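Participant: Sequence:
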Amino acid sequence: MADLVNNPTQGDEAPPSALVIDDSPDVHRLLSARLRSEHLSIISATSGEEGLRLAADRSPAIVLLDLEMAGMDGFEVLRRLKDGAATSDVPVIILSGHSTMQDKVTAFDLGAVDYVVKPFEPTELRVRVRSALRLARLVKMLAQRAQIDGLTGLWNRTYFDSRLKECVSGNDRHGRALSIALIDADHFKSVN
Numbered sequence: 011m012a013d014l015v016n017n018p019t020q021g022d023e024a025p026p027s028a029l030v031i032d033d034s035p036d037v038h039r040l041l042s043a044r045l046r047s048e049h050l051s052i053i054s055a056t057s058g059e060e061g062l063r064l065a066a067d068r069s070p071a072i073v074l075l076d077l078e079m080a081g082m083d084g085f086e087v088l089r090r091l092k093d094g095a096a097t098s099d100v101p102v103i104i105l106s107g108h109s110t111m112q113d114k115v116t117a118f119d120l121g122a123v124d125y126v127v128k129p130f131e132p133t134e135l136r137v138r139v140r141s142a143l144r145l146a147r148l149v150k151m152l153a154q155r156a157q158i159d160g161l162t163g164l165w166n167r168t169y170f171d172s173r174l175k176e177c178v179s180g181n182d183r184h185g186r187a188l189s190i191a192l193i194d195a196d197h198f199k200s201v202n
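Heads up, the sequence shown is in the numbering used here, so the first residue is 11 and it goes up one at a time.
You may find that some hints are simply not true.
Derived lysine to any residue pairs resembling SDA-like cross-links, with alpha carbons at most 20 Å apart [to be verified]: (1) K114 with E131; (2) K92 with P132; (3) K175 with G94; (4) K150 with P25; (5) K150 with D124; (6) K150 with G94; (7) K128 with V37; (8) K92 with L120; (9) K150 with V37.
Label-pair restraints from in silico Cβ distances [to be verified]: (10) F170 with S47: 36 to 44 Å; (11) S98 with S141: 17 to 25 Å; (12) V178 with R136: 27 to 35 Å; (13) L188 with G107: 46 to 54 Å; (14) A191 with R68: 34 to 42 Å.
In short, the hints are calculated from the structure, not lab data.
Because the structure is a prediction, the values reported are computed rather than measured.
Ideal Cβ positions, reconstructed from N, Cα and C, are used throughout, including at glycine.
Turn these sequences into a full structure, and let the hints steer you where they fit.
Facilitator: Right, here's the structure in full:
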């Protein structure tokens with residue numbers, strides 16, 4: 011299991027991607043060169059709007075986000091990433107030329123997992139990216155395990171309840187009926 015957590019690119023899966031949202035071409039070049047050694051494919055965005063679109067379309071494993079950009083600033087991008095259903099669980103590392111306590115507190119309150127001040131040491135950033143990806147994989151694995159019965163390997167009641175809410179909501183939205191049959195086996199513990 012530790013091997014799966016530390017090596018996410020086993021098998022035929024495509025390598026995970028890192029979305030870099032920064033208006034500096036130099037930062038894009040530096041991060042592309044450094045993060046490829048972490049077996050990440052790099053997606054580049056030069057504005058907040060482009061970054062949000064790419065995050066929704068490409069499902070990156072991690073986002074590296076500059077706070078100071080023309081147009082939509084990094085805080086607003088972070089807020090929207092964390093509010094989006096498809097992007098809320100993606101770890102975001104903030105890259106900023108400022109190290110004010112207020113900026114750091116705001117970034118963490120909005121859901122950033124790390125805050126790195128520019129100019130940054132490339133080796134340190136690689137280690138922080140690796141750590142954030144490892145933590146995100148563990149959280150995802152725990153969430154999946156919380157929905158599967160350890161004895162049978164089948165979906166458990168927690169999964170059923172959350173899936174039922176999704177189905178009811180979807181059917182309400184589309185005006186469709188939903189039928190459910192819940193079967194309970196008496197004295198199942200003696201078989202189990």
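Participant: State for each hint whether it applies.
Facilitator: Hints, one by one, checked against the model:
1. Only pairs whose Cα atoms come within 20 Å are accepted, and K114 paired with E131 is accepted, the gap being roughly 18 Å.
2. Using a Cα cut-off of 20 Å, the hinted pair K92 and P132 is violated, with the two alpha carbons roughly 26 Å apart.
3. Between K175 and G94, the direct Cα distance comes to roughly 19 Å. Compliance with the 20 Å bound is thereby established for this hinted pair.
4. A distance of roughly 17 Å separates the Cα atoms of K150 and P25; the hinted pair therefore holds under the 20 Å criterion.
5. Between K150 and D124 the alpha-carbon distance is near 18 Å, which keeps this suggested pair within the 20 Å criterion.
6. For the proposed pair K150 and G94, the alpha carbon gap of about 17 Å is at most 20 Å, so the pair holds.
7. Using a Cα cut-off of 20 Å, the hinted pair K128 and V37 holds, with the two alpha carbons roughly 10 Å apart.
8. With a C-alpha separation of about 7 Å, the suggested pairing of K92 with L120 holds against the 20 Å cut-off.
9. This hinted pair does not check out: K150 and V37 have alpha carbons roughly 29 Å apart, beyond 20 Å.
10. At roughly 43 Å, the beta carbons of F170 and S47 sit within the given window of 36 to 44 Å.
11. Taken as a hint, the range 17 to 25 Å holds for the pair S98 and S141, whose Cβ atoms sit roughly 20 Å apart.
12. At about 45 Å, the beta-carbon gap between V178 and R136 misses the expected band of 27 to 35 Å.
13. Taking 46 to 54 Å as the suggested C-beta distance range, the pair L188 and G107 conforms, at roughly 52 Å.
14. Restraint check, A191 to R68: a C-beta distance of roughly 40 Å satisfies the suggested window 34 to 42 Å.
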